[in-house]
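Chains as they are written, first to last, in the working numbering: chain A, 1 to 733; chain B, 1001 to 1156; chain C, 2001 to 2456.
If you're looking for bench data, these hints aren't it; they were derived computationally from the structure.
Keep in mind that the hints are not guaranteed to be accurate.
Below, in silico cross-link-like pairs of lysine-lysine (DSBU-like), each with a Cα-Cα straight-line distance of 30 Å or less [claimed, not checked]:
(1) A:LYS248 - A:LYS287
(2) C:LYS2035 - C:LYS2072
(3) B:LYS1142 - C:LYS2195
(4) C:LYS2188 - A:LYS135
(5) C:LYS2188 - B:LYS1034
(6) A:LYS248 - C:LYS2188
(7) A:LYS140 - C:LYS2364
(8) C:LYS2365 - A:LYS20
(9) C:LYS2365 - A:LYS135
(10) C:LYS2188 - A:LYS86
(11) A:LYS20 - C:LYS2195
(12) C:LYS2035 - B:LYS1142
(13) C:LYS2365 - A:LYS140
(14) B:LYS1142 - A:LYS732
(15) C:LYS2035 - A:LYS140
(16) A:LYS63 - C:LYS2188
(17) C:LYS2066 - A:LYS20
(18) A:LYS283 - C:LYS2283
(19) C:LYS2035 - A:LYS86
(20) C:LYS2072 - A:LYS20
(21) C:LYS2035 - A:LYS63
(22) C:LYS2072 - A:LYS135
(23) A:LYS140 - A:LYS86
Just so it is clear, the structure is predicted and the values come from calculations on it, not from any experiment.
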Amino acid sequence: MSTPELVTVTVDDREIRIPKGTGLIETALACGVEIPVFCYEPRLGAPVGACRMCLCEVEGMPKLQAACTMTAQDALVLRTAQTSEKAAEGQRAILEFILLNHPLDCPDCDKGGECPLQDLTFRWGPGNTRMHFPKRTFDKPIPISPVISLDRERCILCYRCTRFSEGVAEDMQLVARNRGAQSIIATFEDEPYRAHFSGNVTELCPVGALLPATYRFRARPWEIDNVPTVCGLCPVGCNVWATTREGKVARILSRNHPEVDDGWLCDKGRFTFDHLRADDRIKQPLKRVRRRGFDPVAWEEAAEEAARGLGEAEGSVVVAFSGGETNEQAGALARLARQGLGSNAAIVPDDLDPAVDGFRAPLAAIRDAEVCVVLGDEPVVDRAPVVDLWLRAARRAGADVITIHPAGSIGVSPGSAAHVARSLAEPGTAPPEFRELADQLRDTQRVALVWSGDDHDRGRRAAALAAALGLGEGSGLYVLPRTPNGRGVSSAWRAAGEGRGEEPPEDGEIGALIVSGDEAGYDPRVARLSERARFVLTTAMFMGDHTLWSHLVLPGTSYLERDGTVVNLEGRAQRQRRAVDPPFPDELEFFAEVGERLGLPVSPRPDEPSPALQAELPPRSRPGALSEPAPPPSPNGTGPGLELVTYRSLFSGPGVERVEPLAFQRPRAELELSFADADDRGISTGDAVLVVGADGVGRELTARVNRRLRAGVVRVADEHADGFARHVEVGKV
Amino acid sequence: MPESDLYREIQRVADRYPVRRSAIMPALHLAQGKHGWLSPDALREVADALDLSPAYCQAVASFYDMYHLEPVGRHTVEVCTNISCALVGAQQVLEAFEEELGVHAGETTEDGEITLRTIECLGGCGWGTVVAVDHRYREPVKPEDVPGILEELRGG
Amino acid sequence: MAKGPRQLLLEHADERDLTKLSEYEAVGGYESLRKALDMEPGAIVEELLASNIRGRGGAGFPMGRKASFLPKPDQATKPIYLTVNADESEPGTFKDREIMFRVPHALIEGAVITCYAIGAETAFIYLRGEYYTEFEIMRAALEEAQKAGYVGAAVAGSGASVTIVIHRGAGAYICGEETALLESLEGKRGQPRSKPPFPAISGVYASPTLINNVETVATVPDIIELGGAEYAKLGVENSAGTRVFSLSGNVVRGGNYELELGTPLRSLIYDIGGGIPDGRELKAVIPGGSSVPVLAANEVDAPLDFDSMANLGTFLGSGAVIVIDDRACMVQLGLRVAQFYMHESCGKCTPCREGTRWMVQILKKLEEGRAEQGELDLLLNVCDRILGNCLCPLGDAAAMPVASYVAKFRDEYQRHIEEGGCPFGAESSLAGVMAPVDQHHAHMRSQIEVPVHEFA
Ligand SMILES: Cc1cc2nc3c(=O)[nH]c(=O)nc-3n(C[C@H](O)[C@H](O)[C@H](O)COP(=O)(O)O)c2cc1C
Ligand code: SF4
Ligand code: FES
């Protein structure tokens, strides 16, 4: 990129040299002058100049100008309210208009103390009001969803929220209705705002109009602490502030990392914290005493019992990781197993090949790509939500975004990603559409390749494709792991012994099985292993099926209760900080204790990570010899009925499922079907349909016609697809 | 899910524009023509046809005065009361309609037949008072013309 | 030389049914198009520049200059569009309707020539939704023109190709503002965009776009026929050509009259319009649509041209002359005008949305005789605080006229305060006038007060 031209701008008599095209708000800030704004928010796209709060005098222009809509040009002379009486009067006028119908109910507004409108009024506002007419009134607050409440009286109609909904998340659900002074912010027919990123509007709103319902009357700004940490719920690793009050997490806010999250959070990350106080949270060690019964035991006894069970396993130990552990937790457990107990077998959820790191790039590079290709059946938004926002930003910036899956811009059968990857890498014999795409990709400088499925063969297939396409600087490969820190956990496992170790034995008895965390407990492979284990040790936050077959259950912690590092999908190590203390010793302490009893050194505390480690993406690794990926799995084959594709919703999992206000976000008992298949069967959206699997299991679901879905394919969220095989019969009830 | 006529008509209109979203206004006109007003279901149909959200369609529809987001009568009578017409007696014309119909401006007769509205300048100012009856202009209208207009409307 | 009626645009429209293509052709219709197609596109823009024609939509910007801001067709990276502003909604204005009603082919011919001149292949006509009859006439004319090969691929046998799309509005005055019009055309709420970028650089679909009023575009064939220099000789300095003036209000013969620019206002009202009916006195005149400052009765000798109006502190605007006789209460006029702009404010920028509503509240109180002295000053200050601070000129369009009513008829406002009521009693011609805003308040409460819902 060429270095930008510098121009000279004068702001309130102060001269500055600044790159041409810099916004005037930023230019003024660089001169130490703050221009008040409400509607201006560069992350929402081009400025709209709606609120007029930023009116300033620009030399040579007769009228006041909205500074937010202008950029630095050479010899531009700007006068803000600080040196121009005209601008000051303009600013007073606007503030008066903004406050005209605002209720000024700061004392009982949750935004009080953190409110830009309050601050500006305090600094520049009039001491009294000249408005003696009835203000606009509305019923308030109204829930626009179980997690967000809207107070229309406080709304100053800056349209930040609706611009987010339309222009960033592109869900187009929160809109302005009516016109002029009657304009209101609303959802359709007052239906809940149900979308993956809805919560961001509560942070964008510069007044107390949109607030998280979960924070209502929970805390005042002077009572809280904001702890900088990293969300541990998906592999993006968004930077967040955890707001705590009296040792409890009260809310999660974004903490903009411009390369990772651009200051956006998904609703799972934002609203999943009350599960820390769920009723069924395990708070002390439990020991199995009867076939199905547990007794609480003291920590001492638990450590003793664990040491005994693991010691007696005589090296036949399997560790099942969740992929949500910190690197330090995983490392401790790995050393315990591999170095201490002489075992090398583990279930590691996302063991990506280091070859992937040869094409490492920050997530923000997706936005700058010319072509983005998304491969795989898992919706990106459910697996790594913020990646979806980056892809949308890329499309808005003019990129070609090509999605290849059953509902993609190139519709393919479920489970085809690996085949498509091979077609693109070796286009000689591929169908014409892939040959053309492969040519396009080879000719493109900046490509973002996103793999959102599990058939990436540990990333080797994706890396092979990236290599075949010759992806260089400016391009990036993003293999989306299934778990938040799967990449860190697998590295920790590898670092503790000889390479990747072994797969768990196919059959026979196992000495001990360590189930690390709730997510691991949900893995059906783990369930099967547990039946063959003499001793099962589980750490978990909640009781569930998996804890039932354990011999010893230790209370687990949440990411909000841990200190350590995690590695996100980019391969970036970030620091998680403990926002609140867990109500018991955490896993690390416990395993250190167990290690001590077995005479194995397990460090209880991680070293303080270096500051650089918290933010920066390590450089690309030198591409080593790429091992040949396994052949693509055999295609589903044709069967009777429709091909079923399932996906895991973002809002499923042991933590989020315990957050009551998020229940409305859980996937509906819905069957998506293509227009053609719906048409054949006379099915419309909303109809009840009977879905029958090959094994004859039938279930009633609600139909939703998805015009993007490829004919012959139906889609259901995991949790409503229980018992279905790969092909189903669908009929109207 | 059989494809509705409305869906197909909207696709046809959308083909006229370089960007499909441009077809939302003609699509809303079509949907309103079909349903009489833009009910939530009508908005859902438009949204589906143009791959937009119903909320978005409602946001657009509610911006414009000609889209009805609540049911209206089979006929509409719209009296311009902007200044040119007002200067030559629009208020008297409006009151004559109110009297004859037994409703206020903004209301629909009990039988659901006729909705009476006032409307901003219709662009017939030189021939005031302008009244749009089912979107056809009558100009100039004097209070004494009102019974005849209504008779015609009810008869036809 | 005294200026007066002079027909270019509406020539022959009184004698013939020019909505029919054959009739239009019989009086030389589409000859200008043939002539234009023999010219270089750039030469047409030169003619427009030479004609000095200024936009007829309101702002009066020279058409040729605006066209020359567009990128040259061979340098444009995106398609260039022409958009004809046929949203005519400024109170008092009904000239574009007349043009479309009587000479639709002039608009079509002008649009095709303009497209050819600027290198556009598509023209949108954004037609006011309420103009349903005019829509039908335009559509029929367009079909005829298409069949005759004047519109479509290979226009009149040339290499040029022009498609015209008629886009119906749906009742929003603000969509006459050019950037709101573009938003609306793109399928959004019709809220203005902040400028720059100007439409000539980034208009509809972020492509270079020329936007002109119906009358402006429909005059293009006349300019080509006469030649720019010849056209420029019509009218007066800085105000070339003819305009179709819309005459309404308290005048004997309201209607549209095509006059040379510079015709005295008095001659339009008295000679052409037949004066004030019912033996009443002239009180005031609004010379350019409801958004411009008012003229007092003693100012009607001024010529109708851009500069003369500017000298009187008002504007020629859309050429809509509204005549007001001595029965009108100027407070009621102010209230009604303010109500209109409040109702039409798009709601995007703060001063317009909040300020127009506040103006209505104050004016209502004044009109009802409940206001105190300070509130009249407050009204003026509110107008002042709106003026020049809004995103688009709509806020000014509310503030300017109302401030002018107070300035020129202050004693009437004063009497409302002192006498605790309207000095006209029920005798004002504007008594009791109900704006659609009141209708909203009275009968559409549900749009304002949204009920509480629980998502239990
Ligand atoms: C609030 C507002 C309403 C307007 N309404 C119209 C209109 O109805 N018709 C029109 O031609 N121009 C209207 N204009 C002016 C347009 O913005 C634009 O200047 C005009 O269409 C340009 O065409 P012209 O140069 O041929 O006049 C309006 C402007 C404003 C600010
Ligand atoms: S709710 Fe908040 S963000 Fe939305 S328009 Fe109102 S003030 Fe702006
Ligand atoms: S911040 Fe500039 S107009 Fe809102």
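Evaluated hints:
no.	hint	in the structure
1	A:LYS248 - A:LYS287	holds, 28 Å
2	C:LYS2035 - C:LYS2072	holds, 21 Å
3	B:LYS1142 - C:LYS2195	violated, 45 Å
4	C:LYS2188 - A:LYS135	holds, 29 Å
5	C:LYS2188 - B:LYS1034	holds, 22 Å
6	A:LYS248 - C:LYS2188	violated, 44 Å
7	A:LYS140 - C:LYS2364	holds, 28 Å
8	C:LYS2365 - A:LYS20	violated, 51 Å
9	C:LYS2365 - A:LYS135	holds, 15 Å
10	C:LYS2188 - A:LYS86	violated, 34 Å
11	A:LYS20 - C:LYS2195	holds, 18 Å
12	C:LYS2035 - B:LYS1142	violated, 48 Å
13	C:LYS2365 - A:LYS140	holds, 28 Å
14	B:LYS1142 - A:LYS732	violated, 60 Å
15	C:LYS2035 - A:LYS140	violated, 65 Å
16	A:LYS63 - C:LYS2188	holds, 28 Å
17	C:LYS2066 - A:LYS20	holds, 26 Å
18	A:LYS283 - C:LYS2283	violated, 86 Å
19	C:LYS2035 - A:LYS86	violated, 53 Å
20	C:LYS2072 - A:LYS20	holds, 26 Å
21	C:LYS2035 - A:LYS63	violated, 43 Å
22	C:LYS2072 - A:LYS135	violated, 52 Å
23	A:LYS140 - A:LYS86	violated, 37 Å
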